[in-house]
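Visitor: The primary structure of each chain is shown beneath.
Number of protein chains: 2
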Amino acid sequence: MMSSSSASPFASLPEPPYFVVTFASRRTEGDNGYGEMADAMVELASRQPGFLGVESARGPDGFGITNSYWATEESIRAGKQVVDHLAAQRRGRLDWYTQYEVRIGMINRAYGFTRKRTQ
Amino acid sequence: MMSSSSASPFASLPEPPYFVVTFASRRTEGDNGYGEMADAMVELASRQPGFLGVESARGPDGFGITNSYWATEESIRAGKQVVDHLAAQRRGRLDWYTQYEVRIGMINRAYGFTRKRTQ
Numbered sequence: 001m002m003s004s005s006s007a008s009p010f011a012s013l014p015e016p017p018y019f020v021v022t023f024a025s026r027r028t029e030g031d032n033g034y035g036e037m038a039d040a041m042v043e044l045a046s047r048q049p050g051f052l053g054v055e056s057a058r059g060p061d062g063f064g065i066t067n068s069y070w071a072t073e074e075s076i077r078a079g080k081q082v083v084d085h086l087a088a089q090r091r092g093r094l095d096w097y098t099q100y101e102v103r104i105g106m107i108n109r110a111y112g113f114t115r116k117r118t119q
Numbered sequence: 001m002m003s004s005s006s007a008s009p010f011a012s013l014p015e016p017p018y019f020v021v022t023f024a025s026r027r028t029e030g031d032n033g034y035g036e037m038a039d040a041m042v043e044l045a046s047r048q049p050g051f052l053g054v055e056s057a058r059g060p061d062g063f064g065i066t067n068s069y070w071a072t073e074e075s076i077r078a079g080k081q082v083v084d085h086l087a088a089q090r091r092g093r094l095d096w097y098t099q100y101e102v103r104i105g106m107i108n109r110a111y112g113f114t115r116k117r118t119q
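Chains as they are written, first to last, in this note's numbering: chain A, 1 to 119; chain B, 1 to 119.
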């Protein structure tokens, strides 16, 4: 989930190349401290060197995708360490997901569209 | 959105490397034929050579992420052509999104976790 401090759910990214971590997950039922934790993890990640942005969506079925973007592979490794450390301090960590899949790679092309606000 | 024929929202992917197309979008209000079209696009994409899988989530705020996975960059180009062609045949196409961002790259590492069903 996006932090409520974000005006837009879209990440503002530089021109490629940069790196992506896609985190697909299915939540267990009940919150178990997840909501607060998810916000804290995004907040912590966003303060790490090399962090470029994050986008996140979760549907009513509990399946969600979070794509985070990083300047280098080294910044991904370092960012994972601090976020894992925070998660390990919280109880209930093992109760948040029934399944998750992480994929890491390099983005080399990007384009988009934004509707004009007029009319 | 996932096709209702999928038992799991997770894609079953081979070992990396493979390619990813991340499609982040914000929907306009109202359906405008979108639900039916999204299903048709996923169905069509999944029949293209080189298609490996797709995962998709959209939250109540209308922001969604679809990650599709492909064997080669060429299969991404070919898949985009047929899906774009289908979309162009439908009315209302320009009314579906207020914004979207597409990023394309290569996944070179993957890992995951699945909760055991016992206890």
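Calculated from the structure, these hints are not laboratory results. For each residue, glycine too, the CB sits at the ideal point set by N, CA and C. Hints are not guaranteed to be accurate.
[Stated by the list, open to error] From the structure, some residues in chain A lie toward chain B, with a derived Cβ separation under 8 angstroms:
{"#": "1", "residue": "ARG103"}
{"#": "2", "residue": "ALA110"}
{"#": "3", "residue": "PHE113"}
{"#": "4", "residue": "LYS116"}
[What the hints assert, rightly or not] Distance ranges between label pairs, derived from CB positions:
{"#": "5", "chain 1": "B", "residue 1": "ASP39", "chain 2": "A", "residue 2": "ASP95", "range": "16 to 24 angstroms"}
{"#": "6", "chain 1": "B", "residue 1": "GLY35", "chain 2": "A", "residue 2": "LEU94", "range": "19 to 27 angstroms"}
{"#": "7", "chain 1": "B", "residue 1": "ASP84", "chain 2": "A", "residue 2": "ARG115", "range": "30 to 38 angstroms"}
{"#": "8", "chain 1": "B", "residue 1": "ASN32", "chain 2": "A", "residue 2": "ASP61", "range": "31 to 39 angstroms"}
{"#": "9", "chain 1": "B", "residue 1": "ASN32", "chain 2": "A", "residue 2": "GLY112", "range": "29 to 37 angstroms"}
{"#": "10", "chain 1": "B", "residue 1": "ASP39", "chain 2": "A", "residue 2": "GLU43", "range": "29 to 37 angstroms"}
{"#": "11", "chain 1": "B", "residue 1": "ARG77", "chain 2": "A", "residue 2": "GLY30", "range": "37 to 45 angstroms"}
{"#": "12", "chain 1": "A", "residue 1": "ARG115", "chain 2": "B", "residue 2": "GLU36", "range": "37 to 45 angstroms"}
{"#": "13", "chain 1": "A", "residue 1": "ASP61", "chain 2": "B", "residue 2": "LEU94", "range": "38 to 46 angstroms"}
{"#": "14", "chain 1": "A", "residue 1": "PRO60", "chain 2": "B", "residue 2": "ASP84", "range": "27 to 35 angstroms"}
{"#": "15", "chain 1": "B", "residue 1": "VAL102", "chain 2": "A", "residue 2": "THR98", "range": "40 to 48 angstroms"}
{"#": "16", "chain 1": "A", "residue 1": "GLY30", "chain 2": "B", "residue 2": "GLU74", "range": "24 to 32 angstroms"}
{"#": "17", "chain 1": "B", "residue 1": "LEU44", "chain 2": "A", "residue 2": "ASP61", "range": "31 to 39 angstroms"}
{"#": "18", "chain 1": "A", "residue 1": "GLN89", "chain 2": "B", "residue 2": "PRO16", "range": "16 to 24 angstroms"}
Visitor: The structure should be examined with respect to each hint, and the outcome stated for every one.
Guide: Outcome of the hint check:
1. ARG103: holds (5 angstroms)
2. ALA110: Constraint on ALA110 (chain A) satisfied, holds at 5 angstroms.
3. PHE113: Hint holds; PHE113 (chain A) Cβ to chain B Cβ min 5 angstroms, cut 8 angstroms.
4. LYS116: With Cβ-Cβ at 10 angstroms, over 8 angstroms, it is violated.
5. B:ASP39 / A:ASP95: 16 to 24 angstroms: Given a distance of about 33 angstroms, which is not inside 16 to 24 angstroms, the answer is violated.
6. B:GLY35 / A:LEU94: 19 to 27 angstroms: Violated - the Cβ-Cβ distance for GLY35 (chain B) and LEU94 (chain A), about 35 angstroms, lies outside 19 to 27 angstroms.
7. B:ASP84 / A:ARG115: 30 to 38 angstroms: violated (18 angstroms)
8. B:ASN32 / A:ASP61: 31 to 39 angstroms: The hint (31 to 39 angstroms, Cβ to Cβ) is violated, given that ASN32 (chain B) and ASP61 (chain A) are roughly 23 angstroms apart.
9. B:ASN32 / A:GLY112: 29 to 37 angstroms: violated (20 angstroms)
10. B:ASP39 / A:GLU43: 29 to 37 angstroms: At 36 angstroms between Cβs, range holds.
11. B:ARG77 / A:GLY30: 37 to 45 angstroms: The hinted range 37 to 45 angstroms holds for ARG77 (chain B) and GLY30 (chain A), with Cβ atoms some 44 angstroms apart.
12. A:ARG115 / B:GLU36: 37 to 45 angstroms: Given a distance of about 22 angstroms, which is not inside 37 to 45 angstroms, the answer is violated.
13. A:ASP61 / B:LEU94: 38 to 46 angstroms: Cβ of ASP61 (chain A) to Cβ of LEU94 (chain B): about 28 angstroms, so the range 38 to 46 angstroms is violated.
14. A:PRO60 / B:ASP84: 27 to 35 angstroms: With a Cβ separation near 29 angstroms, PRO60 (chain A) and ASP84 (chain B) satisfy 27 to 35 angstroms, so the hint holds.
15. B:VAL102 / A:THR98: 40 to 48 angstroms: Distance hint for VAL102 (chain B), THR98 (chain A) is violated at roughly 29 angstroms.
16. A:GLY30 / B:GLU74: 24 to 32 angstroms: Taking Cβ atoms as reference, GLY30 (chain A) and GLU74 (chain B) lie about 45 angstroms apart, which means the hint is violated.
17. B:LEU44 / A:ASP61: 31 to 39 angstroms: This hint is violated: roughly 23 angstroms between Cβ atoms.
18. A:GLN89 / B:PRO16: 16 to 24 angstroms: 31 angstroms Cβ-Cβ, so the 16 to 24 angstroms window is violated.
Against the hints set out earlier in the document, violations occur for numbers 4, 5, 6, 7, 8, 9, 12, 13, 15, 16, 17, 18.
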